[in-house]
Every structure is written in structure tokens, then in C-alpha cells.
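S.K.: Spelled out, the chains give:
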Amino acid sequence: MRPLLSVENLSIGFGKGDAVVRDVSFDVNPGETLAIVGESGSGKTVTCRAVLRILPRTAQIRTGSVTLNTDDGVYDLTKLSERQLRDVRGNQVSMIFQEPMRSLSPLHRIGNQVSEVLWLHRGNSESEAKRLVLETFDRVGFPDPERAYRSYPFELSGGMRQRAMIAMAMVAKPDLLIADEPTTALDVTTQAQVLGLIKELQKETGMAMILVTHDLGVVANMAEKVVVMHKGRVMESGAAEPLLKSPAHPYTRQLFDAAPTIPANPKLAPPLPEEDLILEIKNVSKTYKMRAGSAWRPDVLIHACRGIDLNLPRGKTLAIVGESGSGKTTAARIALGAEPPDPGGEVWFRPDPAREPIAVHNMSRSVRTAFQREAQMVFQDPYSSLSPRMRILDTMTEPLEVHGIGTRAEQRDRATEMLKQVGLNPDMLKRFPHAFSGGQRQRLSIARAMMLDPRLIVCDEPTSALDVSVQEQILQLLEDIRDEMNLSYLFISHDLAVVARIADEVAVMRQGLVVEQAPPETLFYNPKHPYTKALIAAQPTPDIERPINLKLVAQGAGSPDSWPEAFRFSGEVIPSLIELEPGHKVRSHV
Amino acid sequence: MSILRYTIFRFGTMLLTLWAVSALVFLIINLPPGDYLSNQIAELRASGQSAGVAKAEFLRKEYALDRALWEQYMIWIGFLPGPHGFSGLVQGNFGWSFEFDRPVRDIVGDSLWLTVLVNVAAIIFVYAVALPLGVIAAAKSRTWIDYTSAFVGYLGLATPNFLLALILYYYGRKYLNIPIGGLMDPIFEGQPLSWEKIKSISVHMIVPTIVIGTAGASAMMQRLRANMLDELGKPYVETAIAKGMSPSRMLAKYPLRVAFNPFVADIGNLLPSMVSGSVLVSVVMGLQTIGPTLLTALKTQDQFLSGFVLMFVALLTLIGTMISDILLVLLDPRIRYEGRES
Chain H
2 MRPLLSVENL SIGFGKGDAV VRDVSFDVNP GETLAIVGES GSGKTVTCRA VLRILPRTAQ
62 IRTGSVTLNT DDGVYDLTKL SERQLRDVRG NQVSMIFQEP MRSLSPLHRI GNQVSEVLWL
122 HRGNSESEAK RLVLETFDRV GFPDPERAYR SYPFELSGGM RQRAMIAMAM VAKPDLLIAD
182 EPTTALDVTT QAQVLGLIKE LQKETGMAMI LVTHDLGVVA NMAEKVVVMH KGRVMESGAA
242 EPLLKSPAHP YTRQLFDAAP TIPANPKLAP PLPEEDLILE IKNVSKTYKM RAGSAWRPDV
302 LIHACRGIDL NLPRGKTLAI VGESGSGKTT AARIALGAEP PDPGGEVWFR PDPAREPIAV
362 HNMSRSVRTA FQREAQMVFQ DPYSSLSPRM RILDTMTEPL EVHGIGTRAE QRDRATEMLK
422 QVGLNPDMLK RFPHAFSGGQ RQRLSIARAM MLDPRLIVCD EPTSALDVSV QEQILQLLED
482 IRDEMNLSYL FISHDLAVVA RIADEVAVMR QGLVVEQAPP ETLFYNPKHP YTKALIAAQP
542 TPDIERPINL KLVAQGAGSP DSWPEAFRFS GEVIPSLIEL EPGHKVRSHV
Chain E
12 MSILRYTIFR FGTMLLTLWA VSALVFLIIN LPPGDYLSNQ IAELRASGQS AGVAKAEFLR
72 KEYALDRALW EQYMIWIGFL PGPHGFSGLV QGNFGWSFEF DRPVRDIVGD SLWLTVLVNV
132 AAIIFVYAVA LPLGVIAAAK SRTWIDYTSA FVGYLGLATP NFLLALILYY YGRKYLNIPI
192 GGLMDPIFEG QPLSWEKIKS ISVHMIVPTI VIGTAGASAM MQRLRANMLD ELGKPYVETA
252 IAKGMSPSRM LAKYPLRVAF NPFVADIGNL LPSMVSGSVL VSVVMGLQTI GPTLLTALKT
312 QDQFLSGFVL MFVALLTLIG TMISDILLVL LDPRIRYEGR ES
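Protein chains in written order, with this note's numbering: chain H, 2 to 591; chain E, 12 to 353.
These are computed hints drawn from the structure, not numbers from a lab. What you are looking at is a predicted structure, and each value in this text was computed from that prediction instead of being measured. Glycine included, every Cβ here is placed at the ideal spot set by N, Cα and C. Take the hints with a grain of salt, since some may be wrong.
[Claimed, not checked] According to the in silico footprint, chain H covers these stretches of chain E (three or more CB under 8 Å from chain H):
no.	stretch
1	241-249
2	261-275
3	337-345
Start from the sequences, fold in the hints, and give me the full structure.
M.R.: Next comes the structure, spelled out in C-alpha cells:
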């Protein structure tokens with residue numbers, strides 16, 4: 002059998018610079034899934050885009066060929082004219098991109114954007130195209146295809162937009178689908194469902210796929226063949242099963258070691274101590290009012306947080322886990338005093354066990370200033386949380402200046418010390434942030450948060466923008482600093498596997514409520530709540546023997562009124578959080 | 012919110028804004044000490060012409076200039092009865108020009124709609140030139156096409172308008188027999204509209220339209236180019252290419268639609284800047300637009316004339332912004348569905 006697509010000795014470079022992709026070769030057979038795995042800068046995205054020549058203008062394909070072998074004939078895609086290539090794009094080979102939020106035009110209806118493929122390649126009439134598109138929408142899981150057809154992208158959730166993108170890529174029944182990190186921007190349960198959908202569609206249509214990803218877990222769940230790339234070269238390639246079971250190349254092994262996993266054989270963990278709490282969140286709710294579009298309709302109330310009770314013992318890490326919109330970030334903001342809770346909620350902070358606690362929910366100006374010295378934050382995106390116009394030194398000493406601590410020389414010494422602490426070279430103080438990689442920037446953010454010698458650090462998804470190997474290093478750093486300086490962390494994340502490694506206690510949130518709470522080991526050993534089960538089941542693990550259990554995901558990830566009766570929320574009737582065993586609480590009736 | 016409801020709502024706010032503007036206009040005109048008549052009275056007294064003084068005093072009474080400022084304002088608008096009953100802007104009486112000694116309505120006359128005509132033509136010229144050039148410059152960025160259009164654009168920005176006017180008149184006359192000055196042949200002035208008059212106006216409008224529009228067009232072209240370049244980097248453009256669209260169709264359907272919003276929003280701002288910016292050009296080219304009249308009226312503190320002209324410009328601006336707001340709502344679903352629950 003001849004391969005559907007074969008890439009041979011492909012090299013790509015930008016401008017006059019060195020090649021960023023060198024000598025890459027692989028084959029994709031009909032109906033097969035090939036995964037290209039690598040970290041940022043590995044050249045995986047450029048490689049997959051080179052197939053359809055959707056490259057930045059300065060990029061050139063320097064050597065090599067991309068041969069597509071379909072029923073219509075055999076072409077070298079690198080040799081086709083732009084016009085001939087247009088007939089291949091979207092027709093025989095289609096693409097799905099990473100960001101469903103931005104990959105659809107905001108000003109055109111979904112139906113129009115998807116039908117366009119058929120207008121272009123099949124010359125279908127508008128009504129004929131609509132019929133086919135509605136069929137595809139139904140197939141990709143839109144509950145109401147007609148409505149989806151009329152919708153604009155901003156009216157749909159991220160998962161639904163990615164389904165629309167899949168529909169767009171599938172509607173012309175291509176032979177090959179190129180998916181560039183198709184689920185990276187999605188919540189883990191949505192990711193599981195979208196991956197399941199792609200797999201199912203593939204089985205149905207016999208379409209082949211090139212899946213570009215950084216996540217070995219996704220690879221283990223999807224791929225038959227794997228290409229591991231690093232710095233523009235193929236490190237290792239071959240059939241998925243042997244490669245994933247016993248990686249031969251040291252780089253692949255390194256990727257495996259760095260990938261956070263949910264422990265395979267968890268045990269019951271002892272509950273956390275209840276005394277000496279550094280942070281105590283009591284009955285915190287937060288309601289936002291969204292103004293209705295017209296004066297005649299009532300405003301819509303959004304319950305971002307509902308009756309949250311959480312305790313953080315000194316020196317420990319409390320993680321809040323949930324999907325986007327679950328209220329985890331709101332909870333963190335309230336814990337930091339950035340927003341007041343609804344009346345009745347209380348947040349108590351004890352920087353020093355001997356002193357009176359600070360009432361974070363109700364601080365005066367001077368108390369707030371004192372509080373800010375003790376509680377700091379590390380942000381999610383290291384690219385936008387450092388001012389690009391300030392030298393590292395100024396960024397680092399700014400907190401000290403704000404609080405009027407120390408002379409200039411002392412501030413400088415402190416900055417030097419902190420840089421060393423996070424594993425950076427003090428020579429870097431004079432540089433600007435653009436000179437640093439993502440991981441280095443996140444180290445800088447941590448160093449900045451440490452400048453005031455705080456007791457509590459709130460980490461808002463500190464590793465979600467980073468590569469797996471860098472993520473591993475940052476988590477290690479956070480752990481080391483915590484143990485060395487007796488810090489306490491409030492850790493916000495959507496990723497249970499990351500949390501599994503760093504947290505002492507996990508609170509799972511959904512729709513503003515804590516649905517289950519326990520030490521991570523206990524949670525994995527004995528998950529009770531359907532949503533927790535779904536989160537655990539949806540987590541892709543780089544172990545080919547532990548595939549995603551889509552049934553469990555579907556049960557728990559749906560809306561709370563589809564949960565089993567014991568856990569269901571119906572209207573305002575919400576079950577209360579009950580203690581199953583010491584330190585393990587779940588929200589259920591009885 | 013339905014488009015119709017929004018239009019009605021927007022019209023209501025426009026009327027309210029116009030009212031607020033009228034108060035401001037009146038206040039600002041009356042800020043400098045004295046008024047046209049008291050200046051004249053002082054002048055006449057100084058030269059000993061007491062007959063004139065009596066007439067001026069009479070006019071002061073006649074136009075209620077002896078009353079309190081807020082009363083004058085209400086009479087001018089037509090909310091309070093003046094010496095001759097309710098007779099203000101609302102009732103369609105635009106007042107009396109002291110400088111020209113004629114009703115304001117007679118002085119502005121034709122120049123009102125000629126102003127609108129010239130400026131609308133200039134705006135159409137701006138869009139007609141800036142749109143294609145801006146899009147091409149962005150699509151072919153960093154090529155000779157881009158550099159040439161940028162060069163021509165900067166030339167347009169940098170050339171003084173009146174100089175451009177003189178050059179165009181000279182060569183237009185020499186090669187194309189285009190008439191010089193004015194907006195119509197003098198024989199049609201004050202005549203009712205006829206086919207011949209329309210023809211005369213169209214020919215006369217060519218040069219003024221180009222002159223007034225050039226600077227705006229080159230500025231808009233540069234901004235459209237920058238906006239388009241931003242949009243061209245967005246992922247949805249890649250999606251469109253991956254579908255197999257041709258570049259020209261893709262450009263027009265996706266990035267241009269998104270990049271176009273600020274230009275629709277600009278319609279409202281273009282109008283007043285063209286009216287006030289074209290005063291000098293109008294003087295040089297002898298255009299019967301309202302700009303030169305406004306200048307004279309402001310210099311001589313001819314309060315009813317300048318008040319009326321300013322109100323007229325304000326009205327144009329407000330209509331312009333209303334049009335662009337309604338167009339934006341039609342063009343951009345994100346604005347249309349704001350606040351609608353999904």
C-alpha cells in the first residue's frame with residue numbers, strides 16, 4: 002500500500018537564518034493517525050503547516066518533498082502552484098487550529114463559514130450546502146444544528162467552537178486532517194470529548210490524521226504512529242505502542258518523566274491538620290449582576306462562588322481545581338482581598354500564629370498595605386505579567402519601593418538574592434523580559450512575588466502556559482521554595498495531574514460550588530462525585546493501557562441536572578457538603 | 012435590541028445632544044465681552060452719529076439683547092416668546108444677521124446644501140480612494156506597491172490644500188477645460204434647480220472634492236493598511252486560507268470586514284473636520300460653502316449668524332455619528348447582540 006502522504010527530507014527556514022526544520026521524513030497511511038510530539042520551538046507546527054504551505058511569508062521550504070497520493074492522482078504539494086494548491090486545501094487535506102476562540106471570523110455566522118468550503122470545492126448551491134452542513138453539525142454533536150448554523154462564534158463555548166471547526170474540516174470529506182494542537186485551549190473534560198469525537202469520525206470516514214501536540218497523554222489516546230521532534234529534528238519515530246511503552250531516545254524519555262500524571266495506584270491519605278491555619282475562607286459567596294440588554298428584562302445574577310469554606314494550614318498547599326467559569330479564580334481574588342465577598346463571607350489571614358488575624362474581607366487602607374506584604378501572587382501568563390518596558394531589576398525592586406523598604410543598594414542585593422533563589426543568574430538584572438524564555442519569565446515572576454518575603458502565595462495556573470519539561474522545573478522550584486521558607490500556597494489550576502504533584506489538599510469546583518474536597522491521594526483513590534470522576538477520567542495519561550474513559554467523562558461533565566440523583570442540583574436545591582471520611586468531603590444528598 | 016428600536020433610541024439621544032450643544036454654542040458665542048450691537052453703538056457714539064445709535068438701540072430691543080442671557084437663549088431656541096412671540100430655531104426662524112443686515116436664512120441660503128454636497132462628495136472620494144489602496148498596500152506589504160502608495164499618500168498629506176487647489180485648477184483648465192473657482196457658473200446663482208445647473212455644479216465640484224478629500228484619504232489609507240496588517244496575522248485568516256479560498260476573496264470577506272469597523276465609526280468625525288478644515292480652501296477656491304460665512308460671523312460677533320452656522324455643523328456631525336452608529340450595529344453582530352444572553 003502506498004502511503005497517503007509522505008514527507009521526505011523536509012527542511013524549512015525563515016529568511017536567511019538557519020533551518021528551523023531539518024531533514025524531517027514521515028509517512029501517513031490512509032485512515033491512520035500520526036502524532037507529531039514536541040515542545041515549543043521543536044518545529045512541529047511549522048512542519049504540519051508546510052504540508053499545505055500555510056506558512057509565514059518569510060518562511061521557505063528549502064529541500065524535500067511532500068507527496069500526496071489520492072484517488073485523483075499523485076502530487077508533490079511543494080511543487081504545486083498556489084492555484085492548484087487551493088483545490089487541495091479544505092478539500093483533500095483540511096486543517097484544525099489551536100485556538101477555537103480566534104480561528105473563526107467573529108463577524109460571520111458559523112453556517113456561512115462552514116458552508117463556504119462546499120461552495121468553494123463542490124460548487125454546491127446554498128440550500129444543498131446547508132443540508133450537508135446541518136448533517137455534519139448533527140454528527141459533530143450540536144444539539145440544535147439549525148441554531149448553530151445561525152449562530153455567531155461568540156455565542157458558542159470553546160468546545161462548541163472547536164466542534165464547528167471540526168465540522169468545517171470534515172464537511173468536504175477530506176482524505177487527511179491536520180490538527181494543530183486542537184484541544185490545548187480547551188478544558189480537560191471538553192478535550193476528552195473532542196478527542197473522542199475526532200476518533201469516532203475518523204473510524205466512520207476512514208480519514209487519516211496528523212495530530213500535532215505537546216501532550217504525550219493525548220498521543221497515547223489517539224495515535225498509531227508517533228514522530229518526536231526536538232529543535233527541528235526528528236528524535237524518534239515509529240509505531241505508537243512500542244515507542245510509548247519503551248522510548249528509546251533519551252529526549253523522549255525526558256518528556257515522559259516530565260509529564261505530570263495521576264498516580265496509577267493511589268492510597269488513602271491522612272487528613273490535613275486543622276490547627277494553625279494561615280488562611281481561613283468562611284462561607285464566601287460572590288454574585289455578579291449582569292445587566293440585561295433591555296430595560297424591561299431583569300438583570301441576570303451570576304453566582305461565581307457559592308458558600309465556599311476552605312482552610313489552608315501553614316506550610317501547606319491548597320489547590321482549587323475546576324474548568325473555566327467554575328469560580329476558582331474568583332475565589333482566589335477574594336482570598337487576596339482583590340474583591341470583597343458578598344456580605345456574610347469572611348476571609349481570615351494569620352501571617353503569624355501569635356498575632357491577631359487580618360480580616361481580608363474588610364480591610365482598611367493601612368491594613369491592606371500590610372496584608373500585601375504578606376500575600377503575593379504568581380500569574381498565569383509570564384509573557385504579559387512582566388512589563389516589557391522595565392528592566393528586570395526595576396520590576397523586581399518595585400514592590401520594595403512601593404512599600405518603602407530598604408535603600409537602593411539593599412533592594413538590589415535582595416533582587417540578586419532572589420534571582421539566585423529561583424535559579425537565574427544575577428547578571429540578568431539589567432535585561433528586559435523579551436530576552437527570557439517562558440520558563441525563565443515564570444521564574445522571574447516567582448522571584449518578584451518573593452521580594453517582600455510573603456507568607457502566602459496565590460499561584461494562578463502558573464504552569465499552564467509552559468512546556469511540560471519547563472512545567473516540571475517550575476513545580477519543583479515552587480515546592481523547594483515552599484519547604485525552605487515555610488510558605489503556604491493557594492494553587493489554582495484546571496489540571497488535576499499538576500495538582501496531584503504539588504497539593505496537600507484539593508477542592509474541586511463546579512459552577513461556583515466546591516463539589517468534592519480531599520487530599521489528592523484520597524481523591525484519586527476514592528473519587529465520589531461524578532464531576533471529580535469525570536475530571537480524573539478525562540485526564541490523558543501517557544500510558545497506552547489507561548485510555549480516557551469517555552463514559553465516565555460524559556456522566557460527570559454534563560450539566561449538574563444530568564448527574565445521578567444523589568448529586569443533582571435542581572434549581573435552588575443544592576445538596577450540602579458532607580464528610581465521608583476524615584478529610585474527605587463531597588456534595589451530595591445523604 | 013432590534014435595529015428599529017435602536018434607531019429610535021439613537022435619534023432621541025441625538026436630539027438631546029443637539030439641545031446641549033445649542034446651550035454650549037450660545038454660551039461660547041456670548042463669552043467675549045459685548046455683542047455686535049453694543050460694539051456698534053460704542054463706535055457710533057464715538058463718531059457722534061446719534062441717529063444710528065437710536066436704530067441700534069431699537070434693534071437691541073427688537074432682538075431681546077437687553078434681556079438676561081438665559082432669556083436670550085430661550086428666545087433664540089424658541090422655547091420662550093420674544094418681542095414677536097415664539098420665533099426661534101425650533102419654529103424655523105434662524106434670526107437676523109447684523110453684519111449683513113439681512114435674515115440669516117437669506118445669507119446661508121444655497122450654501123447650506125452646497126456645503127453638504129461638497130463634503131459628502133469629499134467623503135465618498137476619501138472612501139473610494141482609501142479603501143482599495145489601503146487593502147492593496149496591506150496585502151502587498153513591504154513590496155514596491157506598498158512603498159509607492161505610502162509615498163503618494165504622504166505626498167497627499169504633506170501638500171497644503173490651497174496649493175494643490177491652484178495646481179489642479181491650472182492644469183485642469185489647461186488640459187481638460189475645467190472651470191476655475193466657485194461651485195457653479197455665476198449665471199445659475201439664485202436660479203431654481205435645472206438640468207443645466209446640475210451639470211454646471213458637477214463639473215465645478217471635481218477639483219474641490221479632490222482637494223478637500225486628498226489629505227483625509229491618505230490618512231485613512233495608512234490607518235486601513237495598519238488595521239489590515241493586524242487582522243492578516245489573526246488565526247481566522249489562516250482558517251480561510253486552509254479552506255482553499257483565493258487571496259482576493261479571502262481578503263474582502265474576512266480581514267476587510269473586521270478592519271472596516273473603525274472607518275465606519277469615522278464617518279461622524281469626518282464631517283466636522285471637513286467643514287472646518289475646508290474654510291481656507293473654500294476662500295481660495297471661491298466656494299459658496301458655509302465655512303467662510305462662519306469665519307466672518309465669528310470675527311464680527313454676529314451672534315445669530317454664527318450661532319446658526321455652528322448649530323448646522325453640529326447637526327451634521329450628530330447625523331454623521333448616528334449614521335455610523337447604526338451602520339456599526341448592522342455590520343458587527345458583536346455590537347448587535349451585546350447583553351443578549353447566549
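S.K.: All the hints need checking, so say for each whether the structure fits it.
M.R.: Hint-by-hint comparison with the structure:
no. : hint    : verdict
1   : 241-249 : holds (count 4)
2   : 261-275 : holds (count 4)
3   : 337-345 : holds (count 4)
Of the numbered hints stated above, none is contradicted by the structure.
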